[in-house]
Structures are given as C-alpha cells and as structure tokens.
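If you read the protein sequences in the order shown, they are chains A and B. Residue numbering for the first sequence is 1 to 304, as defined by my numbering. Residue numbering for the second sequence is 1 to 372, as defined by my numbering.
By construction, these hints were calculated from the structure, which means they are not laboratory data. Note that the coordinates shown come from a computational prediction; the quantities given were computed from them, not determined experimentally. Any given hint could be a false lead.
Said to hold, decoys possible - List of simulated lysine-lysine pairs, DSSO-like, C-alpha gap at most 30 Å: (1) B:79 - B:160; (2) B:323 - B:361; (3) B:87 - B:315; (4) A:127 - B:323; (5) B:287 - B:339; (6) A:127 - B:65; (7) B:357 - B:315; (8) B:157 - A:127; (9) B:314 - B:339; (10) A:127 - B:345; (11) B:175 - B:157; (12) B:287 - B:345; (13) A:127 - B:357; (14) B:349 - A:127; (15) B:170 - B:87; (16) B:315 - B:65; (17) B:175 - A:127; (18) A:127 - B:254.
To be verified - Label pairs and their in silico Cβ distance ranges: (19) B:291 - A:158: 45 to 53 Å; (20) A:142 - B:282: 50 to 58 Å; (21) B:359 - A:288: 50 to 58 Å; (22) A:289 - B:91: 50 to 58 Å; (23) A:285 - B:216: 19 to 27 Å; (24) A:151 - B:349: 24 to 32 Å; (25) B:186 - A:169: 45 to 53 Å; (26) A:104 - B:187: 36 to 44 Å.
Even for Gly, the Cβ is constructed at its ideal location relative to N, Cα and C.
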Amino acid sequence: MDYFAQQLINGIVLGSIYGLIAIGYTMVYGIVGMINFAHGDIFMIGGFIALITFLILVSIGLTTVPLILLIVLLVSMAITSLYGWTVERIAYRPLRHSFRLAPMLSAIGMSFVLMNFSQVSQGARVKPIPPVITGGYSLLESNGFVVRLSNAQIVVVLTTVVLLAIFTWLVSRTRLGRDMRACEQDQTMAALLGVDVDRTISMTFLIGAALAAVAGMMYLLYYGLVDFYMGFIAGIKAFTAAVLGGIGSLPGAMLGGLLIGLIETMWSAYFSVEYKDVAAFSILIVVLIFLPTGLLGRPEVEKV
Amino acid sequence: MKSVKLFGLAIGASLAFSTPAFAQDVTVAVAGPMTGGESAFGRQMKNGAEMAIKDLNAAGGVLGKKLALDVEDDACDPKQARSVAEKIASAKIPFVAGHYCSSSSIPASEAYADGNVLQITPASTNPLFTERKLWNVARVCGRDDQQGQVAGDFIAKNYKGKNIAILNDKTTYGKGLADETKKALNKAGVQEKMFESYNKGDKDFTAIVSRMKRENIDLVYVGGYHQESGLIVRQMRDQGMQTVLMAGDALADKEFASITGPAGEGTLFTFGPDPRNKPTAKSIVEKFRSENIDPEGYTLYTYAAFQVWSQAVKKAGTTDPKKVMDAIKAGSWDTVIGKLEFDAKGDIKQIDYVVYKWDAKGNYTEISPKGS
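Okay, chain A solo, but in the shape it has when bound:
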C-alpha cells in the first residue's frame, strides 16, 4: 500500500507535466484542426528561458526562493508565449487556407528550427541547475518503507492545478473563451458574427505556449536540467496524452497526461522498466480501438 502510494505520487507528478504540454496540442487542434508539431520544442524553449531567468536572478543576488520562482514563472510564460505567437504568425497563418498537409509540414520545419536554434545559441550540452526546492515530507511509514513527498513535487502539482483552474475559467467564462469556442465550432460563421478569428487563433497559440512554458519550468525544477532535444520525446508523450484523452478536449488532455504518467510509472513499478513506453502506447491503441475519439473526445459531426 505504501509502495503503491509512493508510485502514485511519482505518476501524478510526471503526468502533470505531460498534461500541461498536452493542453497546448489539444487547444490548437480544437481550433485550427492541425497538430502543432513544434509544441514540444516550445516547451523546451520555455525550460531554457526559465533557466536563463533563474541564473540572471541568482547572479544579481536574489535569494528569496518563492520570489525567484514567481519571477521565473512570469518571465518564462511571457517570453515563451511570444515564441508561440511568432511561430503561428510566420509559419501557420500564411498557410491557413492552403491544403491540409501544408501547415503540418511547416510545423515539423518549425520544430527543427527551434531545436537547432537553441542548440546553436545555447550550446549542445545539458544545462543543469542546482536543486532549488529542497526538502519534503514523510507521509506514511511501515515496514521501513517511507512514503516521501518532496516539496518540488508539491510545487509541480499545485502549479498545475492552479494554472489549469485559471485557464479553464478563461475558456469557459470570458469573452476570449467564448470567441475560442465559437472559432472551434465554425470559423466562417464566427467571423460573420464579428469574432476576430485571426486574433483568437493567435491567442490560442499564446495560451498554449504559456502553459508549455510552465511545463518547461516545472521540468527544470523537478529534474534539474534542460537540453535542446528534450522537447522531442516530451512532445511525443504529450501528443499521445492529448489523443488518449480525446484531442480537442481540455479536461481530456489533462486526464490523458495523468494516465500516461501513471501507466508509465505503474508499469515500471510492478513490471519491467524497459517496456514502460510499450505499455503506454499499447494502452493508447486499445483505447483508440474501442473509443476512436479518445476518452473524453466528441465524435466529429460531418458537415454537409
């Protein structure tokens, strides 16, 4: 039981990070109907910006950890969302009315551009930071096994929950959210009714990138390092999470992220570590066979 609780904690933390990235995939797909393959790399950029901001703050002598984290979070979200906006502006918007595969190809191109940009500008090595959030709590103890919840894990999960709440409110209760849902249903109709479609789509990319920046920063804090190719694997896992949860659905993306994190962790905990990815992807396939639109996805209505 204690062992299960420990693995549950491990899985939820990993799943939160996947979920934050997955939301970016799912939002963009919901509105524009394309897979933004550069999103994993936006996540990586977010991690790098968090790292740079962190190092600058430390070098000017700031020592209050919560303050540092808050500034790093805001700066990283702001700059990374500019990246997200720019990518949409130069690589996707000109191709919006082109054939379906065109924006997907330019997304793959953008992914390379971002990856190689940070490789060249930041160097090819891994960039570690010293542990920022240390310590933790011992929850349960029996037979010498102590369930440990580290402060870093608490920060990751709390930040995820709070930001998720803010963005859910944004999508369901604000003018912007209404515009986004309108564009999702029918762009032409939304435009006829006075919704600025271009602006709404830009905002979607901005929000997705901001959440990816949060994920990047959490990744940096939790694992203690970033590198220029970390966006590839994380992006694939998050994309899988988005598909598993039902692409286009916000709660679905978070649920999918948590599930992928939990499946990987539980599989490694009770079976063999080397097959954890096989396990995660096998479950994805099984789910898609029985629920082709994912767990929370709505079946697409063919428009006549």
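We have chain A already, so just place chain B on it with the hints.
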C-alpha cells in the same frame, strides 16, 4: 527521429573545426559526441586532441609535415558514427582518435577498417571493440571486463550481506559493463537483489527509485552514462534514500556533480589511476590549466592516443595505417599517461582500475589503493 539526427549532423559538421588543410599537411581526426547528452566527454576529447596537435606541431610535426585536426561529431549515435567514419575514410585521413561511446566505436571501426584508417579509441571500454580482431583498432584505456572485475570485487568486499541492485541502459557500453560487474560479483559469492534496465535518455527514474527503496537497496551499480546516473542519484535523495550509487568510467567529468548538486557526495566510480597525477603528465597538465581547462577524464587519454600514433609514424617512417599499426603493436611508447605497450588485439598491457569517490564539493578522489 532519423531526420532529426541527420539535420543535427549537418549543423554539427558545418560548425565543426573543419580547418581547410594545406596540401602539405597531414590531416588527422578526433571523433566523439560533440553534441547531445555525452558532449561533456566529446569536449574532453576535443581539448586533448587540440592540445596534442599544437604540441606536436610545435615540435616539428610528423615526417617534416604539419598536422591539421578534423573534429567530427557522432552524438553517441551508432548511425551517425558510421557516417562520420565513412566521411573520414573518404577524406583519406590516416588516423582517428575516437569514439567515446562503445556503441559508436564498434560500428565505426568496420568502416575505418574498410577505408584504411587507423583508429585508437581513448575511451571505449567494451571488450568487443578489440575482440573482433580488426587490423586497425587499438585503445589506450582499459576494458569493461577489467573494470567490472574491480567494481565487483569492491562491492563484494565492502557491501557483503547488503542489498545490491544493478541497472543498465541497454547500450553496448552500459549493458556490457553491468554484465561484467554482475559476473564478478556473483563469482565472489554475492547475489544482486535487482537487475533492471532503463532507456538511455530517460529523465524520470522515480518509479525505479521507489522500487529500490522497497527492496532496501544499499548500493546500486549503474552500467550507464553520467546524465542518467546523476538523475538517479538526485531522485534517490529526493525520496529520502541514502543508497550509494556506483558506476563506471562514464562518471569522470565534473558535469556529473553539476547535475547532482551536493546529493552526489559519496557516489563511487571506477576509472584508471588519475592521469593528472602521473609525473609524466605534470607539465602538460599545467599547460591545460593555464588555458583554464581541467584535463579530467579522457582528455589526457586522447592526448596520449596522438602521442602513440605520432611516435609510431616516426618509427615506421610513413603514415600508411597498416605499417603504423604494426609499429604500434611492436613498440613501447612514452605518453602523458605513462609507458604504453599493446598486445596483438590492440589492448594496452598494463591496466589498473581504481575506485573513486565524489565529495560534497564536486571533486573526486581515489579511495581504493591499487590492487585492493
């Protein structure tokens, strides 16, 4: 994924120090992971190679010609290593010091053999590298069967009756080293409690760490590279475990300590006797330090590989790889890491792995005197 790496190769190649060689120059190469997770070691090799070339040229080059250096990046990827090897062979480069990862050195060595290139690896320790009896390979470092023996004996002696786990990353190097250590450990009468593998490049080891916590593991031996080992240490400490991690020569770079932070204290690894402390290395170590380079890990081994080659070229009177290799195996060479002699397979005859320990300040020191 393949295209990602190819693109990286293109970028890497265009950025590499491909100084155009003058017609009368002899171009030699150093190949290793200049990018990616293992790039800390690629940098060690590049530093060692650049210093060696500078010193050799200052001493008049070889056979009256100056040397030029070509730096190639394999990103520790077997496919990329193979294409780097073919590139070097087609450029008619007679000698390469490389690679770092055994899984790169081995496939590359076949392309070098076909393309008439002599290969001395400063760092690849998998036995298979020399066991295939290729004419063109040699190494100036030890082998994993020797390294595993030292690690296994050390664990059996100091952790008798304790719980041992062995992990590996499924690479040629990692799996090979973990198997050799397990063999030595079992022979000494110690049975490990866990034997698991993970994927190289993983960042999240929390699940396997909790598993070790349940088994009350006292020491975990990792056949793998420094990034993953560092993350395992960090995540063990996060979960309140005091388990000691032990690994092989892949931990011989300060980058390990910057990944773990103070959590790395007490981590053990096996490596050759620190070449920086050898009397033969004193003046060269000072030269590196004056350029703000710490010649740690395989830096001096790479330097030594060039020394062996250049001395053998002088003796053979030609750069023809086959003749130079015959000379290498016949002679005995004074290098920065001591006097080296090679056997018929290309392994060096005198190896002595020792155990090192990381301290809280991020330095490592020998703890086990030679022969224990």
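Cross-check of the supplied hints:
1. About 42 Å separates the Cα atoms of residue 79 of chain B and residue 160 of chain B, which puts this hinted pair outside 30 Å; it is violated.
2. Distance hint between residue 323 of chain B and residue 361 of chain B is unfulfilled; the C-alpha atoms sit about 48 Å from each other, more than 30 Å.
3. Among the hinted pairs, residue 87 of chain B with residue 315 of chain B is consistent with the structure: their alpha-carbon atoms are about 28 Å apart, no more than 30 Å.
4. For a cut-off of 30 Å, the pair hint linking residue 127 of chain A to residue 323 of chain B is broken: about 44 Å separates their Cα positions.
5. Using a Cα cut-off of 30 Å, the hinted pair residue 287 of chain B and residue 339 of chain B holds, with the two alpha carbons roughly 20 Å apart.
6. Between residue 127 of chain A and residue 65 of chain B the alpha-carbon distance is near 40 Å, which puts this suggested pair outside the 30 Å criterion.
7. As the CA atoms of residue 357 of chain B and residue 315 of chain B are separated by approximately 40 Å, the hinted pair breaks the 30 Å bound.
8. Between residue 157 of chain B and residue 127 of chain A, the direct Cα distance comes to roughly 37 Å. Violation of the 30 Å bound is thereby established for this hinted pair.
9. Proposed proximity of residue 314 of chain B and residue 339 of chain B is supported: the alpha carbons are some 17 Å apart, at most 30 Å.
10. Our distance criterion of 30 Å between C-alpha atoms is broken by residue 127 of chain A and residue 345 of chain B, whose separation comes to about 39 Å.
11. For the proposed pair residue 175 of chain B and residue 157 of chain B, the alpha carbon gap of about 23 Å is at most 30 Å, so the pair holds.
12. Taking the CA atoms of residue 287 of chain B and residue 345 of chain B, the gap is about 33 Å. The hint is violated against a cut of 30 Å.
13. A distance of roughly 23 Å separates the Cα atoms of residue 127 of chain A and residue 357 of chain B; the hinted pair therefore holds under the 30 Å criterion.
14. Restraint check: the Cα-Cα separation between residue 349 of chain B and residue 127 of chain A comes to about 38 Å, which exceeds 30 Å; the hinted pair is violated.
15. For the suggested pair residue 170 of chain B and residue 87 of chain B, the alpha carbons sit about 28 Å apart, so the restraint of at most 30 Å is met.
16. Note on residue 315 of chain B and residue 65 of chain B: the hinted pairing holds, with a Cα-Cα distance of about 15 Å set against a maximum of 30 Å.
17. Taking the CA atoms of residue 175 of chain B and residue 127 of chain A, the gap is near 26 Å; set against the 30 Å cutoff, the hint holds.
18. Between residue 127 of chain A and residue 254 of chain B the CA atoms are separated by roughly 13 Å; this keeps the pair inside 30 Å, and the hint holds.
19. The hinted range of 45 to 53 Å is satisfied by residue 291 of chain B and residue 158 of chain A, whose Cβ atoms lie roughly 47 Å apart.
20. Under the hint 50 to 58 Å, the C-beta atoms of residue 142 of chain A and residue 282 of chain B, about 57 Å apart, fit the expected range.
21. Restraint check, residue 359 of chain B to residue 288 of chain A: a C-beta distance of roughly 51 Å satisfies the suggested window 50 to 58 Å.
22. At roughly 52 Å, the beta carbons of residue 289 of chain A and residue 91 of chain B sit within the given window of 50 to 58 Å.
23. The hint said 19 to 27 Å for the Cβ distance between residue 285 of chain A and residue 216 of chain B, and at roughly 37 Å that hint is violated.
24. At about 53 Å, the beta-carbon gap between residue 151 of chain A and residue 349 of chain B misses the expected band of 24 to 32 Å.
25. The hint said 45 to 53 Å for the Cβ distance between residue 186 of chain B and residue 169 of chain A, and at roughly 60 Å that hint is violated.
26. About 56 Å separates the C-beta atoms of residue 104 of chain A and residue 187 of chain B, a value inconsistent with the hinted range of 36 to 44 Å.
The earlier numbered hints that this structure contradicts are 1, 2, 4, 6, 7, 8, 10, 12, 14, 23, 24, 25, 26.
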